[in-house]
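Enquirer: The chain contents come next:
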Amino acid sequence: VTPRAIGLCALFCSLATISLLGQAPKFMGKAPVSKELIRIKLPRAQEVQLSNGAYLMVLEDHRVPSVQFEILMIGAGGYYDPPDLPGLADTTASLMDEGTSSKSSEQIAQALDTMAANVSVSANEGSQIATVTGSALTDQLDPVLALAADILLNPTFPEKELGLFRGRARAALEEQRSDPDFLRQERFGKVIYGTHPASSVGLTRESLAKLRREDLAAFHKANYVPDHAIIGVSGDITLAEARTKFEAALKGWAKSGKPRPGVVDPPAAGPARVSLVNRPGSVQTGLQVGEQAIDRLHPDYDAVQVMNNILGGSNGRLFRELRESKGYTYGVYSTVRALRYRGDWRAAMDVRTDVTEPALRDLLAELAKMRDQLVPADEFADAQRALTASFALSLENPAELLNLYVIRQLYNYPADYWDRYTQRIMAVTPAQVQAVARKYLDPARLQIVAVGDASKIEEGLRKFGTVDVFDDEGKALQPAP
Amino acid sequence: MRLRRLFIAVLLVAGAAVTGFALTIPKVNFTDTRLKNGLRVIISPDRAAPVVSVSVAYNVGSRNERKGRTGFAHLFEHLMFKGSANVADGEFAGLIENNGGNHNGQTDKDHTIYFEQVPSNQLDMVLFLEADRMRSPAITQANVDNQREAVKEERRLRVDNQPYGRTSELLAELAFENFANEHSIIGSMADLDAASLEDFAAFFKTYYAPNNAVLALSGDVDEKVALEKIRKYFEGIPSGPPAPPLDTAEPPQKEERRSAVQDPLARLTLVDTAYQVPGGLHPDMDALSALASVLGAGRSSRLYDNLVRQQQSAVQVYAGVQQSKGPGLFYLEAMVAPGRDPAAVEKAIYAEVEKIQKGPIQEWELDKARNAARRSLVGNLRSSLQRAILLSRYAVFFNDPGVINTRYERIASLKLDDLQRVARQYIVPTNRTVVITTPAPKPAVPDGGGAK
Chain R
1 VTPRAIGLCA LFCSLATISL LGQAPKFMGK APVSKELIRI KLPRAQEVQL SNGAYLMVLE
61 DHRVPSVQFE ILMIGAGGYY DPPDLPGLAD TTASLMDEGT SSKSSEQIAQ ALDTMAANVS
121 VSANEGSQIA TVTGSALTDQ LDPVLALAAD ILLNPTFPEK ELGLFRGRAR AALEEQRSDP
181 DFLRQERFGK VIYGTHPASS VGLTRESLAK LRREDLAAFH KANYVPDHAI IGVSGDITLA
241 EARTKFEAAL KGWAKSGKPR PGVVDPPAAG PARVSLVNRP GSVQTGLQVG EQAIDRLHPD
301 YDAVQVMNNI LGGSNGRLFR ELRESKGYTY GVYSTVRALR YRGDWRAAMD VRTDVTEPAL
361 RDLLAELAKM RDQLVPADEF ADAQRALTAS FALSLENPAE LLNLYVIRQL YNYPADYWDR
421 YTQRIMAVTP AQVQAVARKY LDPARLQIVA VGDASKIEEG LRKFGTVDVF DDEGKALQPA
481 P
Chain F
1 MRLRRLFIAV LLVAGAAVTG FALTIPKVNF TDTRLKNGLR VIISPDRAAP VVSVSVAYNV
61 GSRNERKGRT GFAHLFEHLM FKGSANVADG EFAGLIENNG GNHNGQTDKD HTIYFEQVPS
121 NQLDMVLFLE ADRMRSPAIT QANVDNQREA VKEERRLRVD NQPYGRTSEL LAELAFENFA
181 NEHSIIGSMA DLDAASLEDF AAFFKTYYAP NNAVLALSGD VDEKVALEKI RKYFEGIPSG
241 PPAPPLDTAE PPQKEERRSA VQDPLARLTL VDTAYQVPGG LHPDMDALSA LASVLGAGRS
301 SRLYDNLVRQ QQSAVQVYAG VQQSKGPGLF YLEAMVAPGR DPAAVEKAIY AEVEKIQKGP
361 IQEWELDKAR NAARRSLVGN LRSSLQRAIL LSRYAVFFND PGVINTRYER IASLKLDDLQ
421 RVARQYIVPT NRTVVITTPA PKPAVPDGGG AK
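First to last, the sequence lines map onto chains R and F.
For what it's worth, the numbering used here labels the leading residue of the first sequence as 1, then goes sequentially.
For what it's worth, the numbering used here labels the leading residue of the second sequence as 1, then goes sequentially.
Please note that the accuracy of each hint is not assured.
Computed list of lysine to aspartate or glutamate pairs in DMTMM-like fashion (alpha-carbon distance at most 25 Å, straight line) [what the hints assert, rightly or not]:
1) R/LYS463 / R/ASP354
2) F/LYS347 / R/GLU175
3) R/LYS103 / F/ASP367
4) F/LYS229 / R/GLU357
5) F/LYS254 / F/GLU346
6) R/LYS463 / R/GLU357
Ranges between beta-carbon positions, derived for each pair [unchecked claim]:
7) F/ASP341 / R/GLU159: 25 to 33 Å
8) R/PRO299 / F/GLU198: 54 to 62 Å
9) R/ASP378 / F/THR33: 36 to 44 Å
10) F/ALA243 / R/GLN107: 51 to 59 Å
11) F/GLY359 / R/GLU159: 48 to 56 Å
12) R/THR244 / F/PRO278: 21 to 29 Å
Interface residues of chain F toward chain R, partial, derived using beta-carbon atoms under 7 Å [stated by the list, open to error]:
13) ALA49
14) ASN121
15) ASN146
16) GLU169
17) LEU268
18) GLN312
19) ARG382
Keep in mind that the hints were calculated from the coordinates and are not lab data.
Fair warning: this is a prediction, and the values are worked out from it, not measured in the lab.
Where a beta carbon is used, it is the ideal one built from N, C-alpha and C, also for glycine.
Chain F with its partners taken away, still in its complex shape:
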């Protein structure tokens, strides 16, 4: 019996501590090369298992979409699986899966990544497949029409047919004013319908050039041999003009923004609050992620202990901060217990923030974030796929794949004062957006069967 996890779309940034532990954790080793066409190549060998993982990250996400074309970056990602000049429709997935590998793609605000994990004797195959679609994806009307339907089903599945589906979209739309930041990744049905073949061709030329991408390779490879193979498959792909600069600047928020949703699919009230944070490699992001841990990580967290255990006014709580290249959001959320007052729950969330702003934080509360970061650092060492994904992602997000190693030390050096300072600076009413989602009355059920 578990309640659903609050919210989608939030990657909790964790940090690390070096002090006080006997254990030395090895670093992730990698080389960082640029091919003649501008493709950035990161190679991280690890010969322990006969496995290789490849992640290709393009420096484009929903933030690059223009008005009237929301959902475009994600729809384009789907199209990248529909074949290319030398790969038939369906062949990509078939070759990967039938040779014992797995693969996927992912689109977010700042980047679009494609990744595969295969037995190491299939390295050439994977490089060929990724290079062919970087050079010549099958952008055809039939493929666009077909994947438009799949993506619309994805929107129905994740948003329109789920309780609280609309809430997270509304929260971002209110919290941000810059179009680049405020619209959802999945996009609107109308915009998905409007996307034309010409749009796709232009988007490809602008954003899928090798000089706008990073390829990370990790696992059972000899670094020199791997680089030679990558050159062979990728270096001939012509580079493109630099992508246009993207303005993600947000005008300063001066007062609280607030809205309410009536959700016919929901049964409990959800209180969502979000605060604008700078994002990227801004030095305050580490302290904000540790602050989220103090407020929301586990049963020992402030929100759980006070709202769920002591007051029993909420049945589930969440705290987290978005990790992204541009401005992000710091979320504090609670699902209201049946029969309890949402306004009181909202006040109780703010009271916990105030306690941190004014009162002491315990050292063990910061240790939670430190240990979580240590743990994730070790996890990155074990999985070649995780390593490839993070190296390519950090190269796109921060222009620094080395963040995979340095985040650990940065969180280790945090002080309790840092958490208080960022709480006072960012988690304040004028920087806040609030959305309250309440269950809408259910439509009448025929036969009067809907006993409640």
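Okay, chain R solo, but in the shape it has when bound:
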């Protein structure tokens, strides 16, 4: 109930801690901090190519009698939606567990729910990948895996289920327009990516009306193929057991023989603008600023990670200044979205309507500071340490650790990529961070998106550039000059 998203901080605030409580004895002086970085040896995943072409990766951890698995289908994500059918990949994934050649939707649901198995298929917008995930206690792995395999290999997309889905999806399309964050992401995607697949927010009323079961079946047949799959398994299982079980469960899954589908970079976005989505009655303004930045394999990747941590990490400058010092927002963070294609850097916050203008001005000032000044040595070292010391925590969670190896495999990184991660982050310099800030926090390209009550904030936003106004259906309310 009412969990706080993250803890608080303000390095530049008053050090005075005058207490009303009287004594407040000094008792230990300063917090005892270990300067050691725990040297951890990451346990290795064991890996093997299966005869059907799927790449199996196993991370053993027998502490607890459970197994988690994920089957990554490269080429089945929302990136590959046909231009006239946005949401096809997501709809295909959503309907795979609604009927197979041997089981009805109800039978599948009952079997999975009874075992509390959490098997699901998802395909995110803009992603190359669809994922089948599941987990089971060790003694129920076989039946859970059999069900997951049936869903993966033999979905029939019954007409009746598609009809039911249409009804629910129509309601969801309506409902999401009441969500300020949806409106923000929809507009941000458009101004950063234009019509590139990264801009998609999935189904539209038009594509929902157009979708046929044949579209789903064809998308599944073409894109859920073993030679484009990575299977990650972690927990109470060995490589030999995993190999035997997955080969048996996925028997008959035929290779496509086709190369993995690629991606193209988005076209450059237009010059800096302000896009305002009018949400009458909104008591907050949802703000997001950002621009296109780098792909995952870009040589600037490590420096951008350090820059982003300093600026918009969980205890970064934006948080300290805009929340802790000014109290403008409950939370403000920035993220780097780096995939196979050129992604973006973005920062987001929700602020009360009447501080929209000062909050945005202060946020932009922090970006300018990143560009104009070298990060002081202490602050820089803190960020490097934050990024590297947290590795120890992942040792508790084999699924999280395995995910690192899956990323290595997805991007063809060298085998020691994660072993050398600490070294790479430690080698980044303040000058490099300033250089990437100048490149990727470029005010000439920065897009500002605001979702709020236009009657109260439009005038203030005009001070930040040309404002395009849209309604909550995404329609332009005045012609762009």
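Following the hints, complete the assembly by docking chain F onto the known chain R.
Expert: Just chain F, lined up with the frame of chain R:
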């Protein structure tokens, strides 16, 4: 394409089954010690990974707030991150995050918890930080004013600017009569404004004494060494007078309570019903949680199958029961499909309850709750943070951290009759509160652009 999850604020209590499975699931081992100043200390070692987690739970939540000071416990939680006698403002978060850890706090009706997960060589640091703010938090006017604004933004973000934001508050206000139970955790803007520095000092003295708290530590520690360290940092903190007793008793509900909300931010109608349940360790709570699973867990649940699939009158359903120390609520909810009649949806929810009261429940339907409980038991073993949080929470909620292990067996021993019995006893019209939220007409959009 997923609809938002119905409702916030509900922790689904799950149980467990031991019968019929080959697998033996290890128990969570822990020691339970009381320091001289009354601080309860629970230690659960697990040397598998170089990680330690600490959770400090204070036996105070929004239920302890008085009239005119709603939201106070939560605002106080925010203040606990603003520094203490030996820790500067911002230093707490900085030290945790910059040393590879993570941290957070959480306030609910019954408790306020603070937790951290760090590499195990930073155990001393975490204990120092928690002890310093237990002893001497920086309760200053500047900090209060600053966090008041952050909390008001949190209220806007979660309640005032969200569709259905007001609905859950109204539901609790109607369902309960005792002030302790009925008001929201986030509180009202007016009350947040009214909170004074003196209020905070008094609240701290009353509720943040070590004898009103539990510290749970789990992960890569030697139990004896850890206890010594905890004594070193915490045992010198003076104990306080016992917190005043809290009356959470609810007068018996005699008839249905009902209200309607017009929500300008909503686009679909939401039917919410809530039934009073005893809460705490009352023996019926296990059966009620399993009943919620039969009605609402997954696509195989009664509500989903009948309302969403068969009748297509709802697009989303929810069933769940609050886990808390005091009286709680059992929720049944449905988001009405566009163009369908909310009254019919409401009736359909009641029809599903009646079917359970009168007709058979299948064994597999109860197995859902049993397996979910088995799964969560195993999940608790894997994460030191989850373990620390639950051990401290159960110590505060139930005065029994061992609930982390015993819930499993209790759910295993449930019978189908138990579910029917609690359905007949609690899920009845006279014990019910209903709130129907309908979209309010939208304000006019300039330029006539709002094509729908």
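Enquirer: CA of F/LYS347 to CA of R/GLU175, is that 25 Å or under?
Expert: holds (23 Å)
Enquirer: Hint check: F/LYS254 vs F/GLU346, CA-CA at most 25 Å. Holds or violated?
Expert: holds (20 Å)
Enquirer: Any CB of chain R closer than 7 Å to the CB of F/GLN312?
Expert: holds (5 Å)
Enquirer: Take the C-alpha atoms of F/LYS229 and R/GLU357, compute the straight-line distance between them, and say whether it is at most 25 Å.
Expert: Violated, at roughly 49 Å.
Enquirer: Does F/ALA49 meet its interface restraint, that is, does its C-beta lie within less than 7 Å of any C-beta in chain R?
Expert: holds (4 Å)
Enquirer: With a cut-off of 7 Å on the beta carbons, see whether F/ASN121 makes it to chain R.
Expert: holds (4 Å)
Enquirer: Per the hint of 21 to 29 Å, is the separation of the Cβ atoms of R/THR244 and F/PRO278 within bounds?
Expert: About 50 Å separates the Cβ atoms of R/THR244 and F/PRO278, which means 21 to 29 Å is violated.
Enquirer: Quick one: are R/ASP378 and F/THR33 within 36 to 44 Å, going by C-beta?
Expert: holds (39 Å)
Enquirer: Taking only the CA atoms, is the gap from R/LYS463 to R/GLU357 under or equal to 25 Å?
Expert: Distance ~9 Å between R/LYS463 and R/GLU357 Cα, so the pair holds.
Enquirer: Just to be careful: measuring from the Cβ of F/ASN146 to every Cβ in chain R, is the smallest value less than 7 Å?
Expert: holds (5 Å)
Enquirer: With chain R as the partner, please determine if F/GLU169 meets the hint condition of a C-beta pair closer than 7 Å.
Expert: This interface hint is violated because 11 Å lies over the 7 Å limit.
Enquirer: Could you see if the CB distance from F/ALA243 to R/GLN107 stays within 51 to 59 Å?
Expert: Hint holds: Cβ distance 53 Å, inside 51 to 59 Å.
Hints 4, 11, 12, 16 from the earlier list are contradicted by this structure; the remaining hints agree with it.
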